[in-house]
Amino acid sequence: MTVAHAPSYESAMSSYEPVIGLETHVELGTRTKMFCGCPTEFGAEPNTQICPVCLGLPGALPVANAAAIEATIRIGLALNCEIASWSRFARKNYFYPDMPKNFQTSQYDEPLCVNGYLDVVLDGETVRVEIERVHLEEDTGKSLHVGGSTGRIHGATHSLVDYNRAGIPLVEIVTKPVAGAGANAPQVAKAYVTELRDVIRALGVSDVRMEQGSMRCDVNTSLNRPGAQWGTRTETKNVNSLRSVERAVHSEIIRQAGLLDAGERIIQETRHFHEDTGQTTSGRSKEEATDYRYFPEPDLVPLAPDAAWVESLKATIPEPPSVRIRRLQEAWGLTDHEMSSIVNAGAVELITATVESGATVEAARKWWLGELARRANAQDVELEQLSITPAHVAELQALVDAGRINDKLARQALEGVLAGEGSPEQVVAARGLEVVSDSGALGAAVDAAIADNPDIAAKIRDGKLAAAGALVGAVMKSTKGQADAKTVRELILSKLS
Amino acid sequence: MSTISRDEVAHIARLARLAVTEEELDVFAGQLDVILTSVQRVGEVAADEIPPTSHVVPLTNVLRPDEPGECLAPGDVLRSAPAAEQNRFRVPRILDEEA
Chain R
1 MTVAHAPSYE
11 SAMSSYEPVI
21 GLETHVELGT
31 RTKMFCGCPT
41 EFGAEPNTQI
51 CPVCLGLPGA
61 LPVANAAAIE
71 ATIRIGLALN
81 CEIASWSRFA
91 RKNYFYPDMP
101 KNFQTSQYDE
111 PLCVNGYLDV
121 VLDGETVRVE
131 IERVHLEEDT
141 GKSLHVGGST
151 GRIHGATHSL
161 VDYNRAGIPL
171 VEIVTKPVAG
181 AGANAPQVAK
191 AYVTELRDVI
201 RALGVSDVRM
211 EQGSMRCDVN
221 TSLNRPGAQW
231 GTRTETKNVN
241 SLRSVERAVH
251 SEIIRQAGLL
261 DAGERIIQET
271 RHFHEDTGQT
281 TSGRSKEEAT
291 DYRYFPEPDL
301 VPLAPDAAWV
311 ESLKATIPEP
321 PSVRIRRLQE
331 AWGLTDHEMS
341 SIVNAGAVEL
351 ITATVESGAT
361 VEAARKWWLG
371 ELARRANAQD
381 VELEQLSITP
391 AHVAELQALV
401 DAGRINDKLA
411 RQALEGVLAG
421 EGSPEQVVAA
431 RGLEVVSDSG
441 ALGAAVDAAI
451 ADNPDIAAKI
461 RDGKLAAAGA
471 LVGAVMKSTK
481 GQADAKTVRE
491 LILSKLS
Chain G
1 MSTISRDEVA
11 HIARLARLAV
21 TEEELDVFAG
31 QLDVILTSVQ
41 RVGEVAADEI
51 PPTSHVVPLT
61 NVLRPDEPGE
71 CLAPGDVLRS
81 APAAEQNRFR
91 VPRILDEEA
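Chains R and G, in that order, give the protein sequences.
All letters in the first sequence, in the order written, are residues 1 to 497 by this note's numbering.
All letters in the second sequence, in the order written, are residues 1 to 99 by this note's numbering.
FYI, nobody ran anything at the bench for these hints, they're computed from the structure.
Just so it is clear, the structure is predicted and the values come from calculations on it, not from any experiment.
Be careful, since some hints might not be right.
What the hints assert, rightly or not - If the Cβ cut is set under 8 Å, some of the chain G residues that face chain R in the computed set are:
1) R6
2) V20
3) V39
4) R41
5) E49
6) V57
7) L63
8) P65
9) P68
10) E70
11) R79
12) R90
13) I94
Unchecked claim - Not close to chain G: a few residues of chain R, all C-beta gaps over 10 Å, as computed:
14) C36
15) E45
16) P46
17) N65
18) P305
19) R326
20) E382
21) N406
22) T479
Unchecked claim - Each computed SDA-like pair below joins lysine to any residue, with the alpha-carbon atoms no more than 20 Å apart:
23) K142/R - H11/G
24) K92/R - L72/G
25) K101/R - V57/G
26) K142/R - L95/G
27) K101/R - N61/G
28) K366/R - E384/R
29) K366/R - V301/R
30) K92/R - L18/G
31) K101/R - A81/G
32) K101/R - S149/R
33) K142/R - A83/G
34) K101/R - S80/G
35) K366/R - K314/R
36) K408/R - K314/R
37) K176/R - T194/R
38) K101/R - L72/G
39) K142/R - P74/G
40) K92/R - P74/G
Glycine included, each C-beta is placed from N, C-alpha and C at the ideal position.
Taking the hints into account, I'd like the entire structure generated from these sequences.
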């Protein structure tokens with residue numbers, strides 16, 4: 001294959017318009033699997049949460065989990081969907097070792113929820129992303145590929161499969177194609193997945209942790225010349241963080257534009273996203289075109305949610321996160337710009353929790369959008385992935401407010417917390433960071449500074465009080481920044497008056 | 001004439017991972033044709049107002065509460081596996097070497 005020249009994003013956007021589509025899988029946080037009573041605990045020993053139903057042994061009879069059905073209907077309602085009055089499960093037949101049954105129980109032409117939308121706010125503008133469908137299926141097992149150099153499926157000699165995850169309820173949310181976002185398409189994709197995550201988290205039906213795989217995203221991208229028909233799309237899988245959603249669309253736009261510029265065609269294919277390089281590679285294998293031979297699942301009876309049930313579930317839908325953002329902005333007294341920096345940094349929940357732990361909005365913003373954002377950025381992770389909790393941040397600020405540490409020491413304490421040394425209080429104690437404001441303990445350091453700087457001391461004696469700053473600096477230096485500057489200043493002035 | 005072609009039989013056999021010989025393609029095309037023709041007769045009596053049936057029992061919403069039940073003992077899970085390693089099912093290489 002020829003390697004096309006990669007144009008800049010700006011040049012790609014001057015020639016083409018992107019159309020994107022997102023398929024998001026969310027593992028529900030039910031106690032048991034979709035069709036059997038096996039527990040769903042994360043991280044259990046391999047193949048210990050298994051029964052004849054999830055292994056598909058002959059004679060096993062699946063029965064749908066009521067909590068999973070309710071959770072799916074609630075997700076549909078929160079996404080403004082119509083809830084089907086008649087819905088069925090279907091068998092999706094395929095041979096692949098991630099399902100011991102040789103089929104996955106899913107939904108095909110009769111999903112539980114259809115025709116919804118989710119409004120996302122991007123730089124103050126509301127973008128409506130239309131939802132095609134929300135359906136319920138079961139997750140697959142996890143494979144460990146052995147014998148390859150990097151644990152990848154390519155080059156492996158054999159694979160080892162753990163079916164603990166097989167059968168865990170999985171909700172798939174599919175958007176309609178999103179056109180018209182232009183150069184903002186990558187940000188719209190990220191904003192949509194972020195909002196979707198927040199909506200689902202607010203419903204309390206999943207922990208929606210992308211890094212643990214309980215929320216996974218496939219991103220469809222195509223390009224077309226302005227006014228022309230939509231182009232051929234590719235489906236990028238393995239997009240496992242919010243940042244990656246944006247990067248995957250961005251890099252796929254550049255790659256496709258390069259091919260189109262060179263007069264080549266886009267091949268409809270599955271591509272894999274690589275977190276390390278931010279690029280996608282072809283996932284083509286020699287498999288034939290998929291033919292899943294869906295048919296209604298004969299072991300499960302249809303679902304027919306009646307109006308009263310749906311109404312009662314509607315009453316449990318919380319305030320939409322975007323509405324909540326407006327409310328918080330008002331309560332916190334922030335400008336549009338200030339609030340969107342919080343939203344863009346993914347810090348809404350963190351700041352809310354920090355304020356709930358007793359910090360002021362101002363202090364919470366200062367830490368999360370300042371020092372912590374800088375560190376998250378340097379490590380290339382999301383803020384919430386840092387090993388510090390909102391309660392820690394509030395505690396740190398309380399130590400500053402009480403005068404027990406200053407800003408400089410607070411940053412050192414923060415470093416300790418991030419390094420896993422404990423809470424701010426514990427780090428301050430263990431590292432001995434507390435500000436020394438005891439005049440007895442500081443007296444010696446002040447005396448030494450006066451003795452070392454006779455000229456400055458003389459100036460102060462002559463009434464030039466501004467010169468005291470230099471001596472304060474000397475004391476701070478000798479005490480490694482742990483002296484309380486105000487006390488030091490008072491001591492110097494009283495000794496030299 | 002068969003309503004189902006040898007190619008279709010070969011395609012279905014491939015999807016089902018069945019090795020079918022050239023001779024068998026003809027045999028199964030004929031047999032499947034008999035089955036399909038018989039089933040198609042249902043269409044002669046099914047009017048538009050009769051919805052397709054996927055289930056003979058008129059039941060809906062058969063659900064179970066989200067309460068843990070019993071799992072198989074770990075030894076039993078892997079007992080009928082052709083091969084096991086590290087408490088996992090061992091399966092042959094998934095992708096062809098040249099893939």
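Results of checking the hints against the structure:
1. Using the Cβ-Cβ criterion of 8 Å, the hint placing R6/G at the interface with chain R is not satisfied: the shortest such distance is roughly 17 Å.
2. The criterion of a C-beta within 8 Å of any C-beta in chain R is not met by V20/G, whose closest approach is roughly 16 Å, and the hint is violated.
3. At about 13 Å, the closest approach between the beta carbon of V39/G and any beta carbon in chain R exceeds 8 Å, and the interface hint on this residue is violated.
4. Given hint, R41/G at the interface with chain R, is violated; its Cβ is 20 Å from that chain's nearest Cβ, farther than 8 Å.
5. A distance limit of 8 Å between C-beta atoms decides the matter here; for E49/G the minimum to chain R is near 16 Å, and the interface restraint is violated.
6. Because the beta carbon of V57/G sits about 7 Å from the nearest beta carbon in chain R, less than 8 Å, this interface hint is met.
7. At a threshold of 8 Å, the smallest CB-CB gap from L63/G to chain R is about 4 Å, leaving the interface hint in force.
8. With a cut of 8 Å, the hint placing P65/G at the interface with chain R holds, because the nearest CB-to-CB distance is about 6 Å.
9. For P68/G, the suggested interface contact is upheld, since its CB lies about 5 Å from the closest CB of chain R, less than 8 Å.
10. Given the 8 Å rule on beta carbons, the hint for E70/G holds: about 7 Å separates it from the nearest Cβ of chain R.
11. Taking 8 Å as the C-beta cut-off, the interface hint given for R79/G is violated, the closest approach to chain R being about 11 Å.
12. Checking R90/G against chain R: minimum C-beta separation of about 6 Å stays under 8 Å; hint holds.
13. Satisfaction of the interface hint for I94/G is found here, the shortest Cβ-Cβ separation to chain R being roughly 6 Å, below the 8 Å cut-off.
14. Separation of C36/R from chain G is inadequate, the least Cβ-Cβ distance of about 7 Å not exceeding the 10 Å criterion.
15. Non-interface call for E45/R relative to chain G: violated, since the shortest CB-CB distance, roughly 7 Å, does not exceed 10 Å.
16. The claim that P46/R is not at the interface with chain G is violated, since a C-beta of that chain comes within 10 Å of its own (minimum 5 Å).
17. Non-interface call for N65/R relative to chain G: violated, since the shortest CB-CB distance, roughly 5 Å, does not exceed 10 Å.
18. With 10 Å as the threshold on Cβ separation, the claim that P305/R sits away from chain G is violated: the shortest Cβ distance comes to roughly 8 Å.
19. The Cβ of R326/R lies farther than 10 Å from every Cβ of chain G, with a closest approach of about 34 Å, so its non-interface assignment holds.
20. Here E382/R stays apart from chain G, with its beta-carbon at least about 30 Å from theirs, past the 10 Å limit.
21. Even its closest Cβ contact with chain G, about 52 Å, leaves N406/R beyond 10 Å, as expected for a residue assigned away from the interface.
22. Every Cβ of chain G is farther than 10 Å from the Cβ of T479/R; the closest lies at roughly 56 Å, confirming the non-interface assignment.
23. Proximity of K142/R to H11/G is assessed by CA-CA distance (about 29 Å); at most 20 Å being required, the pair is judged violated.
24. In summary, the hint linking K92/R to L72/G is not supported, as the alpha carbons are separated by about 25 Å, beyond the 20 Å threshold.
25. Distance hint between K101/R and V57/G is unfulfilled; the C-alpha atoms sit about 24 Å from each other, more than 20 Å.
26. As the CA atoms of K142/R and L95/G are separated by approximately 16 Å, the hinted pair is consistent with the 20 Å bound.
27. Annotation: proposed proximity of K101/R to N61/G is violated, straight-line Cα distance about 23 Å (limit 20 Å).
28. In summary, the hint linking K366/R to E384/R is supported, as the alpha carbons are separated by about 16 Å, within the 20 Å threshold.
29. Straight-line distance between C-alpha atoms of K366/R and V301/R comes to about 55 Å, which puts the hinted pair past the 20 Å bound.
30. For the given pair, K92/R sits about 18 Å from L18/G by alpha-carbon distance, which is consistent with the 20 Å threshold.
31. Proposed proximity of K101/R and A81/G is supported: the alpha carbons are some 13 Å apart, at most 20 Å.
32. With a C-alpha separation of about 30 Å, the suggested pairing of K101/R with S149/R is violated against the 20 Å cut-off.
33. At roughly 17 Å between alpha-carbon atoms, K142/R and A83/G fall within 20 Å of each other, so this suggested pair holds.
34. Of the pairs offered as hints, the one joining K101/R and S80/G holds, with about 14 Å between alpha carbons and a cut-off of 20 Å not exceeded.
35. With a C-alpha separation of about 38 Å, the suggested pairing of K366/R with K314/R is violated against the 20 Å cut-off.
36. For a cut-off of 20 Å, the pair hint linking K408/R to K314/R is broken: about 50 Å separates their Cα positions.
37. Proposed proximity of K176/R and T194/R is supported: the alpha carbons are some 17 Å apart, at most 20 Å.
38. For the hint pairing K101/R with L72/G, the CA-to-CA distance comes to about 16 Å; that is within 20 Å, so the pair holds.
39. A distance of roughly 17 Å separates the Cα atoms of K142/R and P74/G; the hinted pair therefore holds under the 20 Å criterion.
40. Restraint check: the Cα-Cα separation between K92/R and P74/G comes to about 28 Å, which exceeds 20 Å; the hinted pair is violated.
Hint compliance for this structure: hints 1, 2, 3, 4, 5, 11, 14, 15, 16, 17, 18, 23, 24, 25, 27, 29, 32, 35, 36 and 40 are broken, all remaining hints hold.
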